[in-house]
Amino acid sequence: MMDKDIQKTENVSAAERVRNVKTFVPRVDIYENKDALYLVADMPGVDEKTVDIELEKNILTISGRVENGRVDGATLMYSEYEIGDYERVFTLSDEIDRDKIVATVKNGVLRLELPKAEQVKPKKIAISAA
Amino acid sequence: MFSPTLWRFRNFSDAIPEIFELQREMNRLFSNAGRRSAADYPAVNIWEKDGEALVTAEVPGVDPEKLDVSVSGDVLTIAGLPAASEFKKGETYLRQERMIGGFKRGIQLPFSVDAQKVEARYDKGVLTVALPRIKEELPKKIQIK
Chain A
2 MMDKDIQKTE NVSAAERVRN VKTFVPRVDI YENKDALYLV ADMPGVDEKT VDIELEKNIL
62 TISGRVENGR VDGATLMYSE YEIGDYERVF TLSDEIDRDK IVATVKNGVL RLELPKAEQV
122 KPKKIAISAA
Chain B
126 MFSPTLWRFR NFSDAIPEIF ELQREMNRLF SNAGRRSAAD YPAVNIWEKD GEALVTAEVP
186 GVDPEKLDVS VSGDVLTIAG LPAASEFKKG ETYLRQERMI GGFKRGIQLP FSVDAQKVEA
246 RYDKGVLTVA LPRIKEELPK KIQIK
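So the sequence lines, in the order shown, correspond to chains A and B.
Going by my numbering, the letters in the first sequence line up with residues 2 to 131, in that order.
Going by my numbering, the letters in the second sequence line up with residues 126 to 270, in that order.
Don't read these hints as lab results, they were simulated from the structure.
Computed from a predicted model, the values in this text were never measured in an experiment.
C-beta: ideal position from N, C-alpha, C; glycine also.
Warning: the hint list may mix true and false statements.
[Stated by the list, open to error] One-sided and incomplete, this derived list gives chain A residues near chain B with beta-carbon spacing under 8 Å:
| hint | residue |
| --- | --- |
| 1 | Gln-8 |
| 2 | Tyr-32 |
| 3 | Glu-33 |
| 4 | Val-41 |
| 5 | Val-47 |
| 6 | Thr-76 |
| 7 | Ser-80 |
| 8 | Glu-81 |
| 9 | Tyr-82 |
| 10 | Gly-109 |
| 11 | Val-110 |
[Stated by the list, open to error] Taking lysine to aspartate or glutamate and the EDC-like style, the derived pairs with C-alpha atoms no more than 20 Å apart in a straight line are:
| hint | chain 1 | residue 1 | chain 2 | residue 2 |
| --- | --- | --- | --- | --- |
| 12 | B | Lys-214 | A | Glu-114 |
| 13 | A | Lys-107 | B | Asp-248 |
| 14 | A | Lys-124 | B | Glu-216 |
| 15 | A | Lys-107 | B | Glu-222 |
| 16 | A | Lys-125 | A | Asp-36 |
| 17 | B | Lys-229 | A | Glu-81 |
| 18 | A | Lys-101 | A | Asp-53 |
| 19 | B | Lys-260 | B | Glu-173 |
| 20 | B | Lys-174 | A | Glu-81 |
| 21 | B | Lys-265 | B | Glu-173 |
| 22 | A | Lys-107 | B | Asp-188 |
| 23 | A | Lys-122 | B | Glu-216 |
| 24 | A | Lys-117 | B | Glu-216 |
| 25 | B | Lys-214 | A | Asp-36 |
| 26 | A | Lys-107 | B | Glu-190 |
| 27 | A | Lys-122 | A | Asp-100 |
| 28 | A | Lys-125 | B | Glu-216 |
| 29 | B | Lys-213 | A | Asp-36 |
| 30 | B | Lys-174 | A | Asp-73 |
| 31 | A | Lys-50 | B | Asp-248 |
| 32 | A | Lys-35 | B | Glu-216 |
| 33 | B | Lys-213 | A | Glu-114 |
| 34 | B | Lys-214 | A | Asp-30 |
| 35 | B | Lys-213 | A | Asp-30 |
| 36 | A | Lys-101 | A | Glu-57 |
| 37 | A | Lys-107 | B | Asp-193 |
| 38 | B | Lys-213 | A | Glu-33 |
| 39 | B | Lys-214 | A | Glu-33 |
Based on the provided sequences and hints, a complete structural model is requested.
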């Protein structure tokens, strides 16, 4: 974490969005084991109602809407971070069993479990002694 | 006498390596400007409302019980313990971008805080700390006779 910039990265996309807010690229961790691919994304300000996950063919889009980052009746005196929506698109290499995807949001962190489809799971081939 | 090295070159082309070196040095000097390091994590926004300061910070994925908010005088300290590793055997990391490890940051406010009345809330990964001023130090209206 030492050399990482603490600022959020703004999304630069060719297509503009309708909602006039900035969008940021959520930071993610992706790890896998033989059964599934796990994706963990930092999306502060997002809950289970405002997060959206879409999987089309092998394009996975995660997006989150942050309703209002302003504090009512207060004036911003000093600012180090900006508030906006989140969006990030991934191309998945493995075939994912789309019916078994599990998504949870807790404390502003989205956790996705993407189980691999049966046919792409590595099979161990038993070698019989000759 | 003032004689910069660049002027010693008869031909401009001889000075090109020198110019590039200068450019590189300048870029290096300014590359960190405006950048913030891990020591400044989490980033904060500070709001003002009725003589009260509201500090908000984005600290996703922290257990609220492991979040430590304390006030002493005019300094607010936000600290968090590193999240427990969920990494199990047989798993491979493909990407690691999120913050791991603990953090601690002190923020100095322009006034002394009434520590008894400080309220902190953690919701959806966003921490909000309300810091009221000490009553005696609030500006007083002076009646003109």
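Against the structure, the hints come out as follows:
1. Here the hint on Gln-8/A is kept, as its CB sits about 6 Å from the closest CB of chain B, short of 8 Å.
2. Given hint, Tyr-32/A at the interface with chain B, holds; its Cβ is 5 Å from that chain's nearest Cβ, closer than 8 Å.
3. Hint status for Glu-33/A relative to chain B: holds, with the closest Cβ pair at about 6 Å, below 8 Å.
4. With its C-beta approaching chain B no nearer than about 7 Å, Val-41/A sits inside the 8 Å limit, and its interface hint holds.
5. Of the supplied interface hints, the one on Val-47/A holds, with its beta-carbon coming within about 6 Å of a beta-carbon of chain B, less than 8 Å.
6. The closest approach between the C-beta of Thr-76/A and any C-beta of chain B is roughly 5 Å, which is under the 8 Å cut-off, so the hint is satisfied.
7. Checking Ser-80/A against chain B: minimum C-beta separation of about 5 Å stays under 8 Å; hint holds.
8. For Glu-81/A, the shortest C-beta to C-beta distance to chain B is roughly 4 Å, which falls under 8 Å, so the interface hint holds.
9. Evaluation of the Tyr-82/A hint against chain B yields a held restraint, the C-beta minimum of about 4 Å falling below 8 Å.
10. Look at Gly-109/A: its Cβ gets to within about 2 Å of chain B, closer than 8 Å, so that hint holds up.
11. The beta carbon of Val-110/A is positioned within 8 Å of a beta carbon in chain B (closest approach about 4 Å), and the interface hint is therefore held.
12. Of the pairs offered as hints, the one joining Lys-214/B and Glu-114/A holds, with about 17 Å between alpha carbons and a cut-off of 20 Å not exceeded.
13. A C-alpha spacing of about 10 Å is found between Lys-107/A and Asp-248/B, which places the hinted pair at or below 20 Å, so the restraint holds.
14. Among the hinted pairs, Lys-124/A with Glu-216/B is consistent with the structure: their alpha-carbon atoms are about 17 Å apart, no more than 20 Å.
15. The straight-line distance between the Cα atoms of Lys-107/A and Glu-222/B is roughly 18 Å, inside the 20 Å bound, and the hint therefore holds.
16. For the proposed pair Lys-125/A and Asp-36/A, the alpha carbon gap of about 13 Å is at most 20 Å, so the pair holds.
17. The straight-line distance between the Cα atoms of Lys-229/B and Glu-81/A is roughly 16 Å, inside the 20 Å bound, and the hint therefore holds.
18. Using a Cα cut-off of 20 Å, the hinted pair Lys-101/A and Asp-53/A holds, with the two alpha carbons roughly 16 Å apart.
19. Distance hint between Lys-260/B and Glu-173/B is fulfilled; the C-alpha atoms sit about 16 Å from each other, no more than 20 Å.
20. Taking the CA atoms of Lys-174/B and Glu-81/A, the gap is about 18 Å. The hint holds against a cut of 20 Å.
21. Taking the CA atoms of Lys-265/B and Glu-173/B, the gap is about 18 Å. The hint holds against a cut of 20 Å.
22. With a C-alpha separation of about 10 Å, the suggested pair Lys-107/A and Asp-188/B falls inside the 20 Å cut-off, and the hint holds.
23. As the CA atoms of Lys-122/A and Glu-216/B are separated by approximately 14 Å, the hinted pair is consistent with the 20 Å bound.
24. In summary, the hint linking Lys-117/A to Glu-216/B is supported, as the alpha carbons are separated by about 14 Å, within the 20 Å threshold.
25. Restraint check for Lys-214/B and Asp-36/A: the C-alpha separation of about 13 Å stays at or below 20 Å, so the hint holds.
26. Between the alpha carbons of Lys-107/A and Glu-190/B the distance comes to roughly 14 Å, so the proposed pair stays at or under 20 Å and holds.
27. The hinted pair formed by Lys-122/A and Asp-100/A meets the criterion: a straight-line CA distance of about 16 Å does not exceed 20 Å.
28. Between the alpha carbons of Lys-125/A and Glu-216/B the distance comes to roughly 17 Å, so the proposed pair stays at or under 20 Å and holds.
29. Our distance criterion of 20 Å between C-alpha atoms is met by Lys-213/B and Asp-36/A, whose separation comes to about 13 Å.
30. Only pairs whose Cα atoms come within 20 Å are accepted, and Lys-174/B paired with Asp-73/A is accepted, the gap being roughly 9 Å.
31. Annotation: proposed proximity of Lys-50/A to Asp-248/B holds, straight-line Cα distance about 14 Å (limit 20 Å).
32. Between the alpha carbons of Lys-35/A and Glu-216/B the distance comes to roughly 8 Å, so the proposed pair stays at or under 20 Å and holds.
33. For the proposed pair Lys-213/B and Glu-114/A, the alpha carbon gap of about 15 Å is at most 20 Å, so the pair holds.
34. Taking the CA atoms of Lys-214/B and Asp-30/A, the gap is about 16 Å. The hint holds against a cut of 20 Å.
35. Between Lys-213/B and Asp-30/A, the direct Cα distance comes to roughly 14 Å. Compliance with the 20 Å bound is thereby established for this hinted pair.
36. A C-alpha spacing of about 15 Å is found between Lys-101/A and Glu-57/A, which places the hinted pair at or below 20 Å, so the restraint holds.
37. At most 20 Å may separate the alpha-carbon atoms for a hinted pair to count; Lys-107/A and Asp-193/B meet this at roughly 19 Å.
38. A distance of roughly 10 Å separates the Cα atoms of Lys-213/B and Glu-33/A; the hinted pair therefore holds under the 20 Å criterion.
39. For a cut-off of 20 Å, the pair hint linking Lys-214/B to Glu-33/A stands: about 11 Å separates their Cα positions.
Of the numbered hints listed earlier, not one is contradicted by the structure.
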